[in-house]
Amino acid sequence: MNKSNNTSLLSGFNAMFRRDCLQYIKNPSQLLNPLIFFVMITAAFPFAVDSSKLQLTQIGPGIIWIMAILSYLLTLQHLYLDDADDGCLDYIILSPQPLPLLVLAKICAHWISSGLPLIIISPIIGIIYQMQVDTILVMIATLFFGTFALSLIGSIGASLTISINNSNILVSLLVLPIMIPILIFGARTIGLYQAGTTTISGLYFMSAYCMFALSFSPFASAAALKIGSE
Amino acid sequence: MSNQLAINNLTLFRGAKYLFKDISFVLSSGDLILITGPNGSGKTTMLRTIAGLLEPEIGDISWDQKSISNNRQTYHKNISFISHIHGLKDSLSIIENLRFEANLHNYCLDKIDEALDKLSLQPIKDIPFKHLSAGQKRRASLTRLILKDSALWLLDEPTSNLDTNAHNIFKELLNEHIYNNGLCVLATHHPDAFDECKSIIELT
Amino acid sequence: MWTFLHKMASPRYFYSIATSLIPWFLVSGLILMVAGLINGLFYAPPDYQQGDAFRIIYVHVPSAYISMMAYSLMAFAAFVALIWRIKIAHAVIVGAAPLGAWFTFLALLTGSIWGRPMWGTWWEWGDPRLTSELLMLFLYLGYMALRASLPNLAQADKLSAILILIGAINIPIIHFSVEWWTSLHQGPTLLKAGGPAIDSLMLYPLLAMIIGTTLYFGSLLLVRTKAEVLNREKNSRWAKKMLSGDQL
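Protein chains in written order, with our numbering: chain Y, 40 to 269; chain R, 123 to 326; chain L, 1072 to 1319.
Simulated from the structure, these hints should not be mistaken for lab results.
Glycine is no exception: its CB is placed at the ideal position from the N, C-alpha and C atoms.
Treat the hints with care, as some may be off.
[Said to hold, decoys possible] Below are the DSBU-like pairs computed for lysine-lysine, each with C-alpha atoms no more than 30 Å apart in a straight line:
(1) K1297/L - K1158/L
(2) K1305/L - K139/R
(3) K1297/L - K139/R
(4) K1305/L - K1158/L
(5) K240/R - K65/Y
(6) K247/R - K1312/L
(7) K199/R - K259/R
[To be verified] Some residues of chain Y that are not near chain R, with every Cβ distance over 10 Å (derived):
(8) L74
(9) T96
(10) I166
(11) L176
(12) I239
(13) A247
(14) S254
[Said to hold, decoys possible] Now the in silico label distances, taken between C-beta atoms and shown as ranges:
(15) P1243/L - D89/Y: 38 to 44 Å
(16) H312/R - N204/Y: 29 to 35 Å
(17) T236/Y - V1098/L: 53 to 59 Å
(18) H312/R - L253/Y: 48 to 54 Å
(19) D1270/L - N192/R: 36 to 42 Å
Input sequences plus hints: build the corresponding full structure.
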């Protein structure tokens, strides 16, 4: 018999979150590949350009942010595709938990596996680009909001394309217009801080963007998943 | 407790052609209905439509006299759906997969042990799913029927890849379910294995 | 009014209404466009600051206006299609998308040509209005790419409608970008408190161009939507009769 007739929302969220995290732990390549990609390219850039200190600090924020987005796009395609392919998605849709809640759990797990490692490794990259400690802190703040917003927005693109094979380029094309503002504000906030102007408005914008994405992304993704699995 | 599933004029297109047209039947407590047909005839699509995963262009599905499109939550609480792909993660073990389902649906965790015992899965419960044989995977998928006590069973080729022993265990489960006033819609390639059915729908 | 709209939801009725409306839209649109262009290019006085270079406004502003209006129309149609399940709205979106994309491209192109003498640059990457208009072009292209990759029509309709609705946030961003951020692009000229900040001799040709281009866009949209409706309904009796030669 069931434990109780009222399934708690938190238990549903937890169950989905733990399962996805367990999956990421058991498949470390999904976690490591984009991270290695990120580190390799950002570390390779100074070799290719004039690596004077001034130049590096100027282009650093932009490069780090673009590479963060690119390595994120690598993993987005698989967010729902794996579940759709092995039939788990049907069971998730049929479960008594509200689908947007489970989607949110998947997004959070994705952020933990893709965004958090990026944030943790970013100080090292920051040092390569001759950033000061306080600039690195600002960068971490922008990456924190930005990567979570990327997970939220990317989830919409991933959910729209579950019935398409090899949808990597399409997912990127679909979410690009909505990701560009994050890129602009993320990179520019760091740049403005380096130039001495206030950064708090940039961070406000990014957190607002995050909240805004949080308000519609789980619902839009859930709707798209239901339609896509028909 | 008496339940009823009523299907009315169910029609689904695939592109410009009909996949199936004007399917109607009523299922009451203790009834079993079979859906047969060659591969690609639409058995899986029909089952998924009845489960509420697909919306039919024309037609109506009601559970206990209420249309399921307005009543999805209640309807889903009362069905157990077994698809022909297993719906369990390859990299996790059976026990990890089942714990996830139990936490999602809020089942009692001791039920997991009961299900594993009944389907002889205890010895292999810790092996990653991808290393199991087809029959073991199918048995793992069937544990859902024991974990959740639901009135309506929607089964898509539940006996595929099962050996005689497992087949008999499944028949036992099915008979018990029907005897206890359960309802069942079963898609299969082997309708002769189930002779106590109310009717057979043949798709072409 | 509501009965009319309700009837328009029927493909067959829409088809016949559209057929009769197209010549009206097209002719009136073209007349207004020609009148607006001739007046604007030859008879409106030169701007005290920009000289004759400002005349590109007569192509740039209508294009930009249509690019946003088309997307808003698509977003509204997506809403109607998803919430009220009116299938013909999907055909409208399909018809409008390439048109909107072209007008967006034109707006960007003419804007760039105008920017060269005015701002000294073909493009300014930091500019919010230019960036958001470019993003809108990507939204149009993304929509068309998504549709092209989904073979199942019903799925393609619904999923791409969701995409359009998500991207609709861009419209107020484009419109208000010149107010919210510092931009090279000038602020609102027409929809300003206190009336338009443009001389009436320049204003009237501009209004003629805007209305004319809108009517022209309307006629093109009706043509494309007609074709899409016919394609979707090709197995129905009225469509078969029509295609075999009897007039509707």
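Comparing the hints with the structure gives:
For the suggested pair K1297/L and K1158/L, the alpha carbons sit about 13 Å apart, so the restraint of at most 30 Å is met. Simply put, K1305/L and K139/R have alpha-carbon atoms about 13 Å apart, close enough for the 30 Å limit, and the pair holds. With a CA separation close to 23 Å, the supplied pair K1297/L and K139/R stays within the 30 Å bound. For the hint linking K1305/L to K1158/L, the alpha-carbon distance of about 15 Å falls within 30 Å, and the restraint holds.
Simply put, K240/R and K65/Y have alpha-carbon atoms about 28 Å apart, close enough for the 30 Å limit, and the pair holds. Proposed proximity of K247/R and K1312/L is contradicted: the alpha carbons are some 64 Å apart, above 30 Å. A C-alpha spacing of about 24 Å is found between K199/R and K259/R, which places the hinted pair at or below 30 Å, so the restraint holds. With 10 Å as the threshold on Cβ separation, the claim that L74/Y sits away from chain R holds: the shortest Cβ distance comes to roughly 19 Å.
At roughly 42 Å from the closest C-beta of chain R, the C-beta of T96/Y stays outside 10 Å, upholding its exclusion from the interface. Here I166/Y stays apart from chain R, with its beta-carbon at least about 35 Å from theirs, past the 10 Å limit. The claim that L176/Y lies off the interface holds: its Cβ sits roughly 37 Å from the closest Cβ of chain R, which is beyond the 10 Å cut-off. Once the 10 Å rule is applied to beta carbons, I239/Y is consistent with being away from chain R; the minimum gap is 41 Å.
A247/Y, annotated as away from the interface, keeps every beta carbon of chain R farther than 10 Å; the closest lies near 33 Å. Its beta-carbon lying about 23 Å from the closest one in chain R, S254/Y satisfies the requirement of being farther than 10 Å from that chain. For the hinted restraint 38 to 44 Å between P1243/L and D89/Y, the CB-CB distance of approximately 41 Å keeps it satisfied. Range check, H312/R to N204/Y: Cβ separation about 32 Å, and the 29 to 35 Å hint holds.
Range check, T236/Y to V1098/L: Cβ separation about 56 Å, and the 53 to 59 Å hint holds. Taking the beta carbon of each, H312/R and L253/Y are about 50 Å apart, inside 48 to 54 Å as hinted. Evaluation of the 36 to 42 Å hint for D1270/L and N192/R yields a failure: the beta carbon distance comes to about 60 Å.
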